[in-house]
Every structure is written in C-alpha cells, then in structure tokens.
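Protein sequences, first through last, are from chains W and X.
Using our numbering, the letters of the first sequence map in sequence onto residues 194 to 620.
Using our numbering, the letters of the second sequence map in sequence onto residues 32 to 255.
Careful, some of the hints might be misleading.
[Claimed, not checked] The calculated lysine-lysine pairs, modelled on DSSO-like cross-linking and capped at a C-alpha distance of 27 angstroms, are: (1) Lys-458(W) <-> Lys-184(X); (2) Lys-232(X) <-> Lys-508(W); (3) Lys-69(X) <-> Lys-508(W); (4) Lys-92(X) <-> Lys-468(W); (5) Lys-232(X) <-> Lys-505(W); (6) Lys-415(W) <-> Lys-118(X); (7) Lys-475(W) <-> Lys-118(X); (8) Lys-272(W) <-> Lys-311(W); (9) Lys-118(X) <-> Lys-522(W); (10) Lys-196(X) <-> Lys-435(W); (11) Lys-505(W) <-> Lys-196(X); (12) Lys-508(W) <-> Lys-202(X); (13) Lys-508(W) <-> Lys-231(X); (14) Lys-475(W) <-> Lys-92(X); (15) Lys-468(W) <-> Lys-120(X); (16) Lys-435(W) <-> Lys-202(X); (17) Lys-195(W) <-> Lys-251(W); (18) Lys-458(W) <-> Lys-228(X); (19) Lys-475(W) <-> Lys-619(W); (20) Lys-41(X) <-> Lys-435(W); (21) Lys-458(W) <-> Lys-92(X); (22) Lys-505(W) <-> Lys-202(X); (23) Lys-252(X) <-> Lys-435(W); (24) Lys-183(X) <-> Lys-171(X); (25) Lys-508(W) <-> Lys-92(X); (26) Lys-505(W) <-> Lys-41(X); (27) Lys-435(W) <-> Lys-233(X); (28) Lys-118(X) <-> Lys-468(W); (29) Lys-120(X) <-> Lys-171(X); (30) Lys-458(W) <-> Lys-120(X); (31) Lys-458(W) <-> Lys-183(X); (32) Lys-120(X) <-> Lys-92(X); (33) Lys-232(X) <-> Lys-507(W); (34) Lys-202(X) <-> Lys-468(W); (35) Lys-244(X) <-> Lys-468(W).
Hints in this document: simulated from the structure, not taken from any laboratory.
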Amino acid sequence: MKNLLQKSLKQLTVFAFIVFALSIPSYFLLVDWIWLKELDENNELIAERIENEFNEQKISNEKLAQSIQFWNEIQPVSKIELIYQPLSKDSLYTVMRPNPYSTKEAIDRFRGLKTSIKINDQDYSLVVETNVEETEETVAYIAMVTLLFFLILVIGFWILNRRFSKKLWQPFQDTLQQLKSFQLNSQKPIQFQDTDTIEFAELNATLDKLLQHSITTYRNQKEFTENASHELQTPLAILKNKLDILLQSDDLTERQYHIAEEMNKALVRSSRINKNLLLLVKIENSQFDRSELIGFDTIVLQSIDALQEHFKEKKIDVSTDIHSNIEVKGNSSLTEVLISNLLINAIRHTLPEGSIRITVSKFAFEVSNSGEQPLSPDLLFKRFSRMSADNRGSGLGLSIVQEICKLHGWTVKYDFGNNAHLFSVKF
Amino acid sequence: MKILLIEDEKELALSIVEYLSRESYLCEVASTFTEAMKKIEVFDYDCILLDITLPDGNGLKILEELKKENKQDGVIIISARNSLDDKIKGLQIGADDYLTKPFHLSELTARIYSLIRRRQFNNSNIVRQGELEIDLLAKKVSVNKTMVALTKKEFGLLIYFIGNKNRVLSKSTLAEHLSGDFADMLDNHDFVYAHVKNLKKKLNEAGCEQFLKTVYGTGYKWEG
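Can you make the complete structure from the sequences, with help from the hints?
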C-alpha cells in the first residue's frame with residue numbers, strides 16, 4: 194500500500210519523463226532548422242561579398258582568371274567556376290566530409306550554397322560551404338540539459354510533496370482519527386476540524402450527516418428496547434402472580450396444575466429474555482463502573498460452587514486449573530454474569546456424563562466442554578441465533594458475554610478441538 | 032399483622048392482597064406517593080411493601096421519611112428496576128429486603144414471614160411445629176431436641192416451606208427460589224427433587240412427622 198501522494202508522484206514522474214523525452218527531438222529539430230536557416234543567410238552574404246569584392250577590383254579578364262585560379266587554390270571550400278549560362282536556381286545542400294583545415298581526421302557536417310555570380314559580366318558559379326555542428330552532438334547536448342532539468346523537476350516534486358503533504362492532508366488525517374476512535378454507543382458526538390479545503394469540508398459535512406443519522410437510529414432502537422422491556426415487566430409480574438394464585442385454588446386438577454407449571458416456565462423464560470435485553474442495553478449505555486479491582490479466581494470458585502448441584506445432576510466431570518490471586522479491573526457484577534453465563538452455557542450443552550474444564554490464569558479464563566460438532570463462531574455470539582435444537586435459553590447469554598468483554602476491553606473467542614468446545618476470555 | 036402495600040399497578044396490588052389475606056395478614060393498599068405518605072403518618076405497620084416507581088414520586092423518598100420519623104416498620108422494596116444501584120441505595124437507607132419484579136408471591140410471603148419473625152423475636156426466634164424446632168437466628172433445626180444437620184440449601188427450603196404453610200409450591204417456583212438467577216437458564220429442575228428428598232429423609236430419620244406432602248405429582252405443600 195502506498196499513500197495517495199506517492200501514487201500521483203509516480204504518475205507525474207512518468208508523464209514528465211515522456212514530455213521531456215519528446216522535447217529532445219523537438220528541440221533538436223528546431224535548433225537545427227534555425228541553424229541551417231542562419232547559415233544559408235550567412236552563405237548568401239558571403240557569396241554577395243565575394244561577388245562585390247571581385248567586381249570592385251576592376252581587373253582585366255586575364256588577371257581575373259588568374260585571381261580566380263589563385264582563389265580556388267587558397268579557398269577550396271568556396272569554389273568559383275566559369276559557366277556560360279547563369280544557374281537557373283540556387284541550390285542548398287548539406288554534406289558530410291572531412292574538414293580540409295582541420296588536422297584531425299574527422300568527418301564534419303557542412304551547409305553549402307551553390308549560386309551564380311557575375312564578375313566582369315561573365316557568369317560564374319560559386320560554392321560556399323560552412324561548417325555546421327553535427328546532429329549527434331546537438332542531440333547529446335540537448336539531452337543532457339533536458340535530463341538535468343528533468344532531475345531538478347523530479348527532486349523538486351518529491352521535496353514539495355513531502356513538505357506539503359502533511360499540511361495539505363492534515364484535516365483529512367484529523368477526520369480519519371476521529372472516525373477511528375468513534376464508537377456508536379459512546380454517545381460522544383464527533384466534532385470535525387474546520388477546513389478551508391472544499392473537498393474536506395464536503396467530506397466532513399457528509400460524514401457528520403451520516404453519523405448523526407446513525408446515532409439517532411441507534412439511540413431510538415436502544416430506547417425502544419429499553420422502554421419495551423420496562424413496559425413488559427409489569428404484565429409479566431401480573432401473570433406470574435395470577436399463576437401463583439391459581440395454584441392455590443382448591444378445585445385445581447392435576448392436569449390444570451401441570452398447565453400452570455408449563456405457563457410458569459414459559460413466563461420465567463420471557464422474564465429472563467426481558468432482563469437480558471435490559472442488561473444488554475445498560476452495558477451498551479456504559480452504565481457500569483469499570484474501575485473495581487476484582488478477584489477473578491474467587492468469583493469463578495463461587496460460581497462453580499453455586500452450580501455444583503447442576504454438575505452433579507448431569508454427572509458432569511469437572512476439572513479445574515485455577516491460579517490464585519488473579520486480579521482484574523472491571524465491574525464485579527458484570528464479571529459474575531460473564532462467568533456464570535459461560536459456565537451455565539457449558540452445563541446446558543454438555544451431554545450427561547460429559548466433562549467440563551475450567552481454567553483461570555493471569556491472562557485468560559477458559560471454559561471447555563465435551564461436544565461432537567464444531568459450532569459456527571460467527572453465529573454463536575449473535576443475538577437470538579440458536580445453535581442447538583434446544584431453544585429454551587434466552588438466546589442472549591453469549592451476546593451478553595461478548596458485550597461485557599467489549600466493555601472491559603477483553604476478547605472472547607470460540608474454538609473447537611479434541612472433541613471439545615472451548616470458550617476463552619483473554620484479559 | 033398489618034401490612035401496607037404501596038403499589039400503583041392495580042392488578043399487581045390485587046394479586047398480592049388476595050394472596051396475603053389468606054394468611055393472618057391485614058393488608059392495606061396505597062397506590063400513590065401522597066396516599067402512602069398519609070397512611071404512614073397515621074398508622075404503624077409490621078411490614079411495608081414499597082414500589083420505588085410511583086406516578087407522583089420516588090418510593091425511596093417514603094423510605095427516607097420513615098427513617099427520619101424513626102418508625103420501626105419493616106420495609107421490603109419491590110421494584111421493576113433490577114438495578115444494583117437501586118438495591119444498594121434502598122438497603123443503605125434502611126430497607127430490610129429487596130425483591131425484583133416479577134417475583135413469585137410465595138417468595139414474597141417467605142420474605143415477609145422472615146422479616147416479621149426477625150422483628151418480633153429479637154433474642155430467641157424459634158419456630159415450633161410438633162416435635163420440630165427451628166431456630167431462625169442460629170439457623171439450627173432439631174427434632175425432639177436432637178439436632179438435625181441440614182445443608183444451607185436444605186435449611187433455606189425448610190424456611191421457605193414454613194413461610195408458605197398450607198400453600199402449593201410448584202417445582203419451578205422452588206427452583207427459582209433455590210438457584211435464583213440460574214434457575215431459568217437451566218431447564219432441568221430435578222435438582223429441586225434431590226434437595227427436597229434429602230430434607231425429607233433427614234427429618235424423617237430424626238423422627239419428625241411428615242409435614243411435607245407431594246401434590247399434583249411434582250408440587251409440594253407443607254401442612255401445619
């Protein structure tokens with residue numbers, strides 16, 4: 194993963210490279226064209242000058258012939274030759290040949306002009322050639338300069354990027370940090386930093402709207418659960434008491450008694466679901482003090498003791514490995530709920546004559562019970578998702594365990610191995 | 032025995048009154064904060080059942096008032112709010128007990144019974160029925176002056192039966208009484224049977240008459 198600026202820097206560098214690379218032939222062609230044009234003008238001036246100077250001498254034709262011969266000997270690059278008809282058109286050309294004045298054996302480029310001049314009313318052809326810089330050399334110089342500028346540009350980009358990116362992206366980083374630490378149930382509103390960048394301001398405004406909506410929805414949902422549970426308490430209490438009175442009727446038949454007993458059991462379950470929903474809401478509202486120092490091992494031992502008769506009833510073999518003086522910071526009544534929920538869960542889902550192992554160490558609390566099939570860890574902690582055909586539980590026990598862990602900053606995990614379900618809470 | 036029930040929910044109040052009036056309790060009802068305040072000013076009660084959430088005031092205020100006036104009425108808070116804070120606060124102000132709705136009327140009766148016994152017999156609180164003798168303070172049971180060793184759970188059950196004499200107690204009710212919050216999570220209530228069996232056996236072996244009868248197959252009734 195790269196950050197955004199590095200990505201754009203790479204694209205920009207590639208683009209700059211292409212532009213600079215294309216500029217090299219363009220510069221070359223341009224420079225060469227100007228050069229040749231200037232040389233052509235220069236050659237024409239030289240030709241005119243030669244013509245004028247010969248004519249100003251006003252020498253006889255024989256003397257002229259001698260002079261021209263002499264001229265041609267000392268100026269081999271600007272040859273004058275007698276012609277009988279003036280050239281119809283001047284011709285321009287470029288040749289590669291050794292430089293007669295140079296001691297080095299190198300091939301040079303020359304720009305030539307072949308034109309006709311009149312001396313003493315006789316037509317002569319004149320060739321003027323001037324040395325031009327070679328193509329390769331020009332290209333090389335231009336490429337070198339271009340490369341230098343390219344490097345300056347890339348280094349400049351890089352430095353500016355580093356310098357500005359922090360400042361430029363600071364509002365974004367701030368927003369990101371706020372979002373990272375945001376918790377829907379913390380009830381703390383988010384305050385985004387003011388920014389004069391249109392994009393960030395727009396982002397913040399949109400996020401703010403989105404969050405406000407989520408917070409409102411979440412609060413409504415929670416309030417609904419809370420109110421519904423509270424409202425249900427009274428009718429449940431009335432039902433329960435009416436059943437108690439029904440049980441005391443003198444003319445109650447055994448069949449009616451059993452119906453009342455079944456109703457009571459269902460009622461107990463509704464009350465439990467109700468209580469658990471309220472508990473979940475309260476945990477989510479963070480209505481619990483988490484600063485108590487709890488003797489975790491003591492609570493575990495007490496819970497095991499309280500459930501002893503249920504272990505016995507199901508003939509469950511219980512083994513423990515509980516270190517002493519395990520102290521954790523948190524809420525003692527919630528911790529009690531967490532421990533008993535996990536233990537009761539194990540008892541309920543262990544077949545008679547199965548086994549349960551409970552361990553408490555400095556770092557973790559683990560409950561494992563014998564079982565045959567692994568369970569889906571995704572569904573386990575979901576509210577009202579039942580893993581077994583036995584649907585008599587409240588369907589909230591493990592959700593509560595998870596919420597309590599979340600509140601304390603602990604993690605709860607499910608594993609299956611060696612024919613045993615393992616629930617582990619890491620502090 | 033005079034009991035004041037402060038409860039705004041009519042149906043609930045009716046049930047409680049009906050259940051309690053079968054004992055030798057005289058039960059009065061106040062359905063609002065003001066009504067309750069008026070009553071406690073004028074009369075004294077053996078026990079006050081107090082709902083915290085009232086339409087025109089907080090029940091805890093009534094409790095505070097009682098304590099300020101130095102009244103000796105026993106108070107049991109009955110609340111729909113299962114909040115530990117409320118419980119601690121209520122008990123701190125001076126309530127004798129705390130019961131969360133929904134509760135079984137047999138549970139309430141047992142608590143009232145214990146509370147009144149505690150308040151009436153400060154030094155020796157001994158319940159007698161035939162050859163059976165129960166010391167509520169020392170938590171000791173004897174038959175024909177011979178001690179019977181009961182476990183904590185068995186003793187609790189015995190008191191529950193005594194507090195609900197001649198009433199039908201179902202197995203699920205006893206399960207809720209015995210394991211409190213755990214009972215409804217564990218669907219198997221056979222452990223109740225085991226405890227009752229042990230209690231019966233111990234009393235029987237000590238030579239106690241069989242007061243505890245099985246009714247409707249799975250229910251129990253303490254006769255006396």
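So which hints don't hold here, by number, going up? 3, 11, 17, 21, 25, 26, 27, 29, 30, 35
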